[in-house]
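A.B. asks: Bring the two chains, given one by one in their own frames, into a single complex with the hints.
Residue numbers (the numbering used here), protein chains in the order written: chain R, 1 to 294; chain V, 295 to 614.
What the hints contain is simulated information worked out from the structure, not anything from laboratory work. In this text, all values refer to a predicted model and were calculated from it rather than measured experimentally. All C-beta atoms in this analysis are idealised placements derived from N, C-alpha and C, irrespective of residue type, glycine included. Hints are supplied without guarantee of correctness; some may be wrong.
From the structure, some residues in chain R lie toward chain V, with a derived Cβ separation under 7 Å [to be verified]: (1) Leu-87; (2) Ala-90; (3) Ile-100; (4) Leu-104; (5) Phe-105; (6) Tyr-108; (7) Gly-181.
To give an idea of the interface, some chain V residues facing chain R are shown, with a C-beta separation under 8 Å as derived from the structure [as the list claims (entries may be wrong)]: (8) Ile-331; (9) Pro-406; (10) Tyr-414; (11) Ile-417; (12) Ala-418; (13) Phe-422; (14) Val-428; (15) Asp-431; (16) Ile-578; (17) Trp-582; (18) Val-583; (19) Pro-586; (20) Leu-594; (21) Phe-601; (22) Gly-602.
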Amino acid sequence: MEVFLQQVVNGLQIGFVYALIALGYTMVYGIVRLINFAHGDVFMVGAFIGLYAIERCNLPLPVIFLLAVFGCALLAVAMERVAYRPLRGAPKIASLITAIGVSLFLEYFTALRQVFGPNFYSFPRPFAVSSWEVRNISLTNIQAIIFFVTIFCLGLLQFIVHRTRLGRAMRAVSYDHVTAGLMGVNVDLVISLTFGLGAALAGVGGVLYGIAYPQVNTFMGVMPGLKAFTAAVLGGIGSIPGAVLGALIMGQSETLTSAYLSSTYRDGIAFLILILVLLLRPTGILGTSRTEKV
Amino acid sequence: MKALLQPARFLAPFAVAAASGTFLAAAGAVNPYWIQIFQLACITAVSALGLNVIYGFTGLFSLGHAAFYGIGAYTAAFLMKSYGGDSQLFFLASLLAGGAGAALVAWLVGLPALRLTSDYLGIATLGFGIIMKVLFDNADSFLPQLGGARGMTGIAKMTGFAWAVMFLGVSLLAVRNLIHSSYGRALLSIREDEVAAGSMGIDTFRYKMAGFVIGCSFAGLAGGLYAHLYVFLHPSNFDFFKSVDVLIIVVLGGLGNMSGTLIASFGWIFLLEGLRVILPPGYIELRWVLIPVLLIVTMLQRPQGLFGIREFPLLRGDPE
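If we strip away everything but chain V, and leave its shape as in the complex, we get (with noise of 0.2 Å):
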C-alpha cells in the first residue's frame, strides 16, 4: 500500500497543475504562446533532468545528449505518423519506444564509448552527436517519411498541457527514487571517484552504462514530446548547440542537482523568450549578446551552480 501511496503523494501537485493548467488554456485565460512555452520547458527540463543523471549523478562527461533527444524524436514521429492515427495510447507507446530506442542506441554506444574517462568522453559523444545529425540530414535516402534535410512534416499535434506535465512530474519521481536507491548510491560513489568505487566492489561499468542508458531515454522520451507539440522536426534542432544548450542547464542549476534543473530549464527556456517580448522592436539581435553575457558573470559569480547542493523538500530522500 505504501508503495502506491508515495508516488500517488508526490504525483498529485503535477495533477492539480495539469488541470489546472488545462483549464486555463481551455478558458483563454492564458496566452497559449506562453502556454507553449511552458509546455516546452517541461520537456527540456525532462531531457536535462537526463543529463544530470548521466553527468550530474554518474559524472559522465557528455557533449551529444541532443543527439539522443532527436533519436526519440524521430522514432516516436515516425510510429505515431505511419500508424498512430490520433489514437492517445498509441502516442503514449510510440513516446515509450522513443525513450526505448534512445536507450538502445545509448547502450550501443556506450559499449565502446564508456570506456573513455572525462574529456575524451565528452569528445566521442560530440562526435556521435556529429555523427547523428549527418544521418538525420541524409534519413530521407533510407526512410523517405523522415524528410532528411527538409525537415520532417505531417507530425500530428498530440502533446498538451497534461502530458507534458505529467511527464515531467513522472520524470522526477524517477530520478528521485534512482538516486536515493542503492544503484543511486553507486552512481555516485563512480562520480566521486571510479577508481574507489571499483575497489569497493562496485561493477562501475555495469553502473556507468545503466547511468548512461536512463540518462538516454529521458531525452528519448523528451524528444517524442518535442515533436508532437511543435509537429515539425528539423536535423538542426538536435545538432551540437542543442547538446550544450541542456548542458548549460545542467550546470546552471547545480551538477547532481534535480531541483536546481527543474529550475534552470524553466529559467532557461523563458528567458529566451522572453528577452523576445521584453526587447525594442529592431534590438532582437541583442538577444544571444546578453545571454552570453549573463552566463558568463553567473558562472564567474556561482561556478558551482545556481543552487549548489540545496533541494526541493519533495526531491530529499525520505528520512529513514
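In isolation and in its complexed conformation, chain R is listed as follows (with noise of 0.2 Å):
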C-alpha cells in the first residue's frame, strides 16, 4: 500500500509537468483547431531559458520563470504571425504540416553546436532537495514546488479565462470567430496572446520538469509533447480542468506501468487508455460534442 502511495505522489509530479503543457494544446486547439505540434517544443525551450538562468546568471527561482514565461510567450507569438496566421483560410491540414516544420526546426535549430548544441545537458537544481516523511511516503521540496507553482498557475489561468475582458474574448473567438470579429473582438490579437499564454505554462514546465528531471537535450519536448496532447484529448479537448485531469491520469497511468507492470511498455499503456476512452466518449472524458450538418 505504501510503495503504491508512493508511486501516485510520483505520478502526480510528472502528471501536474503534463498538465502545463496540456493546458497550451488545449487552448490553441479550442481557439484555432489547429494540433500546435511546436508545443512541445516551446516546452524543450522554456527548460533551456531555466538551464541558462542558473548556470549563467545564478537568478532566483521566480526570476527564472519570469524569464521562461516571456521567452516562451515571444517565441509562440512570433511561430504563430510567421507559420499560422497566413494559413488560417487554408485547408487545416496545412496549418499541421507546418506546424510538424516548426517542430522539426526548432529541434534541429537548436541542437546545432552554435545554440544549445546536440547534448544532454544536466540542469542544475536552483536550490538543495530536502524531503518529509509522512506514513513512509516521502514527499520532496521539488514536487511541494511543483504542486504549489501548478496550482498557482492554474487558479490565475480560470481567472483570466472566466473573469476577464480577455478571457471573455478568447471564449468568444473560440465559440466561433467570424462572428466574434463582427462584434468588435480582435481576432487576431486574441488567437496571439492565447499562443502566448500556453507558451508561458509550458515555460513554467519546462522548467520545473528540468528541476526534477535534471537532464535536458533539445528533444525532450518531443515525448512530452505528444503525451501532454493526448493528455488534452482524454480529458476532452478544449476543456481546462478536462486537460489538467487527462494529464494526471497519464502521469498515473505511467508511473503505475513502471512500478507494476515494466518501464519498456509506459507509454503503450497511456495510448491504451487514451483510445478506450475515445472509443466510450469520442469526444474525451469532459469534451462537450458537436453535432454535423450537412
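C.D. replies: Set out below in C-alpha cells:
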C-alpha cells in the first residue's frame, strides 16, 4: 500500500508537469482547431532558458520562471505570426504540416553547436533537495514546488479565462471567430495572446521538468509533448479542467505501469487508455460533442 | 482481351524502366548508392499511395501509417527468414503476407477506430502507432527472431531494382483503377461530405473500412520491400516521425493526387539524401534545419500541395 501511494505521489509530480503543457494544447486547439505540434518544443526552450538562467546568471527562482514565461510566450507569438496566421483560411492540414515544420526546425536548429548544442546537459538544481516523511511516503520539496506552482498557474488561468475581458474574448473567438470579429473582438490579437498564454505555461512546465528530471536535450519535448496532447484529448480537448484531469491520468498510468509492469510498456499503456476512452466517449471525458450538419 | 491489354499498356513503361535500371546497375554505370536511394523512393511512394487512398481520397486522418509499414516489414522478414531461403517466389508470397497482415490489423483497428471523426481518428491512430512501436521494441520477448529493441538482423537482400519499380507500377495501376471505379467514387463522396454520402445510400462505414484496409495493405507491402532492401529492421524505423514523413509527402504532393504523391516521394527522398552530398562536410547538421524551412515556405506558398489536382495523363481516368 505504501509503495502504491508513493507511486501515486510520483505520478502526480509528472502529471502536473504534463498538465502545464496540456493546457497550451487545449487552449490553442480550442481557439483555432490546430494541433500545435511545436508546443512540446516550446516546453524544451523553456527548460533551456531555465538552464542558462541558473547556470550563467544564478538568478532567484521566481525570476527564472518569469524569464521562461516571457521567452516562451514571445517565441510562440512569433511562431503563430510567421507560420500559422497566413494559413488561417487554408485547409487545416496545411497549418498542421507547418506546425510539424516549426517543431522540426526548433529541435534541429537549437541542436546546432552554436545554439544550445546536441548533447544532454545536466540541469543544475537551484536549491538543495530535502524531503519529508509522512507515514513512510516521502515527499520532496521539488514535488511541493511543482504542486504549488502548477496550482497557482491553474488558478491564474481560470481567472483569466472566466473573469477578464481577454478571457471573454478568447471564449467568443473559440465559439465562432467570424461572429466574434463582427462584435468588435480583435481576433488576431486574441489568437496571438492565446498562443502566448499557452506557451508561458509550457515555459513554467519546462523549468519544473528540468528541476525534477535534471537532464535536458533539444529533443526532450517530443514525448512529453505527445503525451500532454494525448492528455488534452483524453480529458476533452478545449476544456481546461479536462486537460488537467487527462494529464493526471497520464501521469498515473505512466508511473504505475513502470512500477508494476515494466517501464518498456509505459508509453503503450498510456495510449491504450486514450484509445479506450475515445471509444467510450469520442470527445474525451469532459468534452462536449458538436453535432455535424450537412 | 481489353481487360488484359490495358494493364499491359500501363505497366510497359515500368517494365522498360526496370529492365534499363537493372542493366545500368549491373554495368556499373550508376553509383549503387543512388540505385538504392531510387528503390527506397519507389517503396516510399507505394506506402504514400496507400496513405493517399486513406487520407487524400477517403478523408480519414491517419497519423499511424508507419505502424502498418512496420507490421508488413516484420511479417515479411520473419516469414522469409524462417522459411524462405532465397526463393524469389517465396519472397513474393511473404510480401503479400506482409500486406495481408497489415490489412488484417487495419481491419481490427478500424472496427472501433473508424467510428471516430477527423482529428480524433488522427489521435487514435497516433496512439496505435505508438503502441505498435512499444510492441516492436518488446517483440523479442515473444518471438526472439524479431530482435526487439536491438533490431532484427539476418534478413536476406531480396529487393532488387525490378522488384521496387514493378511494385510501384502495379500499385499505381491498382490505385488509379480503384479511384476511377464506382468504389472510388464512393470513397471520394465520403471525403467530400460523409453525411451527404450516407443519405445517398452509401454504406459509409463499410467504404471507410475498405479505404483504410486497402491503404494500409499498401503500407504493408512497402514495408516488406523495405525490410529486404536494407536487410535490417529497427523499431525506430517505424515510429511517429516515419508516419509524419509519409503524411508530409502526401500533403506536399496534393491530397488525392497520385502524380503528386509520386513526385513528392521521389523529391522528398532525394532531397534528404541529396543534401547529404551537397552540404559541405561539417555542415551536415544543417540538413534538418533547411528541410523544415523549405517545408514551411512550400506550405505557405502552396497550401493545396505542389501539384493541386493535376494528374499525369497515364493516371487520369479512361475517357468513356
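A.B. asks: Among all the numbered hints in the text so far, which are the ones the structure does not match?
C.D. replies: Hints 7, 8, 16, 21 and 22 are the ones this structure does not satisfy, whereas the remaining hints hold.
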